[in-house]
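The chain contents come next:
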Amino acid sequence: MEPLTSKKKVLEKKPLTFAERMYLPAITKGLAITISHFFKKEATIRYPEEQREFSTNFRGMHSLKRDENGKERCTACGLCALSCPAEAITMIASERKPEEIDLYREEKYASVYEINMLRCIFCGLCEEACPKEAIYLDGPIVPSDYLRKDFIYGKDKLVEAPLEKK
Amino acid sequence: MDIAFVIEKFVLVAIIFGISLLIAMYSTYAERKVAAFLQDRLGPDRAGPFGILQPLADGVKMFMKEEIIPTNASKWLFMVGPGLAMLTACIGTAVIPWGSAITVGDRVIPLQVTDINVGILYIFGVVSLGVYGVMIGGWASNNKYSLLSAIRAASQNISYEIAMGLSIIALLLVTNSMSLGEIVANQHGWRWNVLYQPLGFLLFMVCSFAETNRAPFDLPECETELIGGYHTEYSSMKLGFYLFAEYINMFVSAAVMASLYFGGYNYPGMDWVLAQTGTVIAPLIGTAVFFLKIFAFIFFFMWVRWTIPRFRYDQLMHLGWKVLIPLAIANIIITSIVIAIIEKF
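Chains A and B, in that order, give the protein sequences.
So in UniProt numbering, the last one in the first sequence is 166, and the numbering has no gaps at all.
So in UniProt numbering, the last one in the second sequence is 345, and the numbering has no gaps at all.
It should be emphasised that the hints constitute simulated quantities derived from the structure, not laboratory data.
Check each hint, because a few of them may be wrong.
[Said to hold, decoys possible] Each computed DSS-like pair below joins lysine-lysine, with the alpha-carbon atoms no more than 30 Å apart:
no.: 1; chain 1: B; residue 1: 322; chain 2: B; residue 2: 344
no.: 2; chain 1: B; residue 1: 322; chain 2: A; residue 2: 13
no.: 3; chain 1: A; residue 1: 97; chain 2: A; residue 2: 108
no.: 4; chain 1: A; residue 1: 29; chain 2: B; residue 2: 322
no.: 5; chain 1: A; residue 1: 40; chain 2: B; residue 2: 322
[Said to hold, decoys possible] Using C-beta positions, here's what the derived DEER-type ranges look like:
no.: 6; chain 1: B; residue 1: 313; chain 2: A; residue 2: 119; range: 25 to 33 Å
no.: 7; chain 1: B; residue 1: 269; chain 2: A; residue 2: 54; range: 32 to 40 Å
no.: 8; chain 1: A; residue 1: 42; chain 2: B; residue 2: 314; range: 31 to 39 Å
no.: 9; chain 1: A; residue 1: 5; chain 2: B; residue 2: 129; range: 57 to 65 Å
no.: 10; chain 1: A; residue 1: 30; chain 2: B; residue 2: 272; range: 55 to 63 Å
no.: 11; chain 1: A; residue 1: 58; chain 2: B; residue 2: 65; range: 39 to 47 Å
no.: 12; chain 1: A; residue 1: 27; chain 2: B; residue 2: 129; range: 51 to 59 Å
no.: 13; chain 1: A; residue 1: 163; chain 2: B; residue 2: 66; range: 30 to 38 Å
[Claimed, not checked] Part of the chain B face toward chain A, derived, beta carbon under 10 Å:
no.: 14; residue: 43
no.: 15; residue: 45
no.: 16; residue: 295
no.: 17; residue: 296
Cβ atoms here follow ideal geometry from the backbone N, Cα and C, with glycine treated the same way.
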């Protein structure tokens, strides 16, 4: 069969020359290469103590944002859940009561907002779909756990910490 | 034979035994560290600072593991195997001169357990016995892979012993002695045997790699083909003994190479040091130098292990019989001709 690419490398099987059959030059060359690595900087990151720096567009754990007054931005429109290809997001919408005006920015808010981290593929489509700039995948790596139920993250884990009262 | 002599020897034996065990222990750590550094990694660093307690953790792990003896194994031989491997590895250190004699007052304490006049032959015999531990273990396991490994170990050791013996004959022509104590003492200062026998040293070193079953000659335990080789069926401290024996063997052959070819405890300027420090400190400095040489050789063993891939079995045999043995014979002939010419004129 003709090769599918234009790259063609003709291999010639020549018998080894005397110098090659001596092994020793090749061995010293190999030893020189390995000892040069002895003095190079190691690539290891001592994980729990040191952590690799994420790139600027890294997509990690989701966080539900608050606005400048500390109110939750999410209005439970459901666009994120709709856009999610892995169907990881569920939410239940509620109407804001008059006394909750400091808690939620819109009149409608998500009383339950859950992301199943085992289903999530961290594609970032929810982030793009959100009209209220309420969800961002700007967190760290989702930590490991033992039970499936512990991977369903509710609002307690997703919503940003409230603003400091001044 | 006075009582002080007996005490002196016992203390020396105990110290040497302890040191070889300690070095074997930390060789496992050093091996992992060297491997890591050569591969741009860090190596064990969790147990203690820089992972310095790792060998202890490994030892505890080995002791705590469940002891398994296969049902169809030959039980007695199965237990003898690792013991024999360990024993033969340890007794090799008896004839190695660790330093020149310490003189306290009119008492001369040699830093060598025994200077038998056929020291080299003794080392040779002990090293060849080492393969019995591997063979018995491999046979007694009643496992095809172990048996194959035992066969490999036996044929490999026999093949390389010949070349090793021949390379030593050339050395004996130069040194005129078979006592290790004398051979080392004759290499005073800079007159190291490697300068007279470079080819002989090369042959001896290659054969030592083969005799200690180290890479690139670690065919008896090559994981890719034989699972674990002769220690496939072993667990717990029996496995520990085999692994340990390998490191002690490495230590002993490093010591033998250093004393036969690299002057043992001799170093340039040792007379000046002797005049400055006296007859107690100077031999100890010599011993320290000797250990430096040993460590350098051990490092070299490890360095080679993480550089060169394993030989194929036919390549191994080809190298042993068709390359090393003719070279060793040629080395003997050339050496004897040169010696004859020098003596004539």
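Worksheet item: Honestly, which of those hints from before does the structure not fit?
Response: 1, 5, 6, 7, 10, 12, 13, 16, 17
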